[in-house]
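Go ahead and model the full structure; you've got the sequences and the hints to work with.
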Amino acid sequence: MTTTMTPHSTAPSAERRSREARRRLSGSAITTGTWVLAFIFFAPVIWLVMTAFKQESVAASNPPVFFFVPTFDQFAAVLGNGAGSYFLNSLIATGVSTVFVILLAVPASYALSIRPVKKTQDVLFFFISTKMLPVVAVIMPIYVIAGQIKALDNIWTLVVLYTAMNLPIAVWMMRSFFQEVPAEVLEAAAMDGAGLIKTLRTILMPMVTPGLAATALICVIFAWNEFFFALNLTAANAATVPVFLVSQMTSEGLFLAKLSAASVLASLPVVIAGWVAQKQLVRGLSMGAVK
Amino acid sequence: MKFPHHNARRRRPQDGKTRLGALLAGAAAVTLALSGCAPAASGEGAKADIVVAIVANPQMKDAISLQDDFKAKHPDVNVKFVTLPENEARAKITASVATGGGEFDVVMISNYETQMWAKNGWIEDLQPMADATSGYDTADFIPTIKDALSYKGDMYSVPFYGESSFLVYREDLFKQAGLTMPAHPTWAEVSALAQKLNDPSKDFAGICLRGLAGWGEVMAPLDTVINTYGGQWFDKDWKARLDSPQVKSAVTDYVDLLQTAGQPGAATSGYGDCITRYSQGKAAMWYDATAMVSSIEDPSSSLVAGKSGYAPAPVKDTKSAGWLYSWSLAVPTTTKHKAAAWDFISWMTNKDYIKLVGNKIGWERVPPGSRQSTYEIPEYAKVAQAYAKPTLDAMYSATQETSMVNPVPYPGLQFVGIPEFQDLGTRVSQQVSAAIAGQKSVEDALKQAQLYAESIAQSYEQGGK
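So the sequence lines, in the order shown, correspond to chains A and B. The numbering used here numbers the first residue of the first sequence as 3 and each following residue consecutively. The numbering used here numbers the first residue of the second sequence as 1035 and each following residue consecutively.
Note that these hints are calculated values from the structure, not bench results. Even for Gly, the Cβ is constructed at its ideal location relative to N, Cα and C. Please note: incorrect hints may appear among the correct ones.
[Claimed, not checked] To give a feel for the contact side, a few chain B residues facing chain A, derived at Cβ under 10 Å:
hint	residue
1	ASN1091
2	LYS1095
3	LYS1209
4	GLN1210
5	ALA1211
Structural data, given as structure tokens:
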């Protein structure tokens, strides 16, 4: 038996070893591939940050310069260009619209997920269908209406539009998070005599907080980066950061370094918001995936 | 479309119904209340707030940096600026003025818009206010620019700066190669020179020419080539003529020159790219706007400052070929602060402003091409020695009579002065750009362009405009 066993036992172990080696090899190949991919995706960001610290003539030079004496000139120029009011406007438009969206989306998605009625699916489809029309198709009517009600160049116009723009996505996202909450938990709360508000506040909200954070962050990102409405509906008083970014461009003369500096500054609030919400966000994003 | 169901779910106690309603109503009320307390901006006592929309070019930004001078002279006017790149500014200003949006009290437009908008009654007649302003002197404006900004003899916008087009070339490299630039070069001569100096192995182009799609990009220089070759967009009877042999020959030569001795990636290269290339020493010649001098002669951003010579726009069958363009300031009729708007415009376009820029920022940064008196200022004449005369000559000769072979029914040299041209010009430019990229033949590109032009021509033929 032993003699017959030996070849049998060595063959599989050799096979196993080679399989393991193959796995290790493919594992490191995947790791390398991931790093390469990550670098490819991250390279433009690195380049943006590097360019922000260059002088205009260095930024425009071809072939590109990798080693240079860094300067804060471009940041100083951008900040001295009245950036403050643009950032303030973006902060108002983003912050207020996100609060509105959450205030409206939470009850709406609660109703659509926990207490669905007959036409729930139609309502959901209606919500998402508002995102199917390209913005450019409605800009002229919106512009004319805003002009007639004297709402052009007014930050509250953007607040209303951003609320409307983000609401469907927030409702859909929050609905999927609410659906994760086991019905039994809610039933138990009801058995213990908790009313709707109490259930919402003490049972539901703590359970969907990661989802809420993810939804809010998405709304913040979309509102902060929105360009088209901001460009067309604002002028001197209500212009937001993306409009400020394009105003750094010019068809005459060099502007790459200054534009990069402005872009770095414009990205910072979103990066910080993302970093703060990171922990919640990861939980929130994976919440719908695992039951 | 199917939606995820949540089975057997949710039969909840009904107690929350009314409270949920109250919550929703409350949220809605907050929304309405907050959005209702809307107009927050504007109004500062007796001060007139004016909003000025301008194009984000270096000279306009200089004006913003000098606004303290205006404030000192007009403490009762509070100015706010909106600066955007050319395309965004044009789209936004056009939308605002055409629909009576009323966000702006002063807008920066060009000689393309001025006459059309004056005819539509969208902008104010500035002549009475200009005449009433002592020392403003509209007769001092360069005549071709003044005419282009006038409607029925009155100026409806006043020039901030003006430009024509000319050919810049590297005098040092020409000398090295034993070449000379003719005093009045033809396109054939320019082409031969470009072939000699072209060196792709060193990423060095014989000539830089715009190839980027856009009516204000590739079409601007190309239209002047078409003009001097005897071509035209529409003939006297509004028949589309982009299929004529002259247009074909002009476009073929332009495309050939770019493909054989032009900059790499020419189809996506516009004015901005050519500035960079030429000022980084990557091209021997460049045919473009006279306004280029403020970038390429600026030692802080250009490696070739002081090394260039200037020649008139290359020609074929005409005496001259340069274009005419002006960034000018106008007042939309929707403004409520006409007097304050004029105060600002007259500050930014008078003779004193030129001196202010010269003394405070530098004489090479003076907005050129608007006033004849600018060229008589000794300090400016000194810094602009190399290009002042070529610029003025180009501007004086930029008329349809000297730059076109056949008469046309529209105003404009590098554009067709009709509202449809923004769209038509851009679509034709996309065809040309595709030909430059080698994606289609010049013949096919022009065949398609002719179809576009015919569809526009129809309404003018029928309308007998």
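Quick one: which hint numbers does this structure break? Sort them smallest to largest.
3, 4, 5
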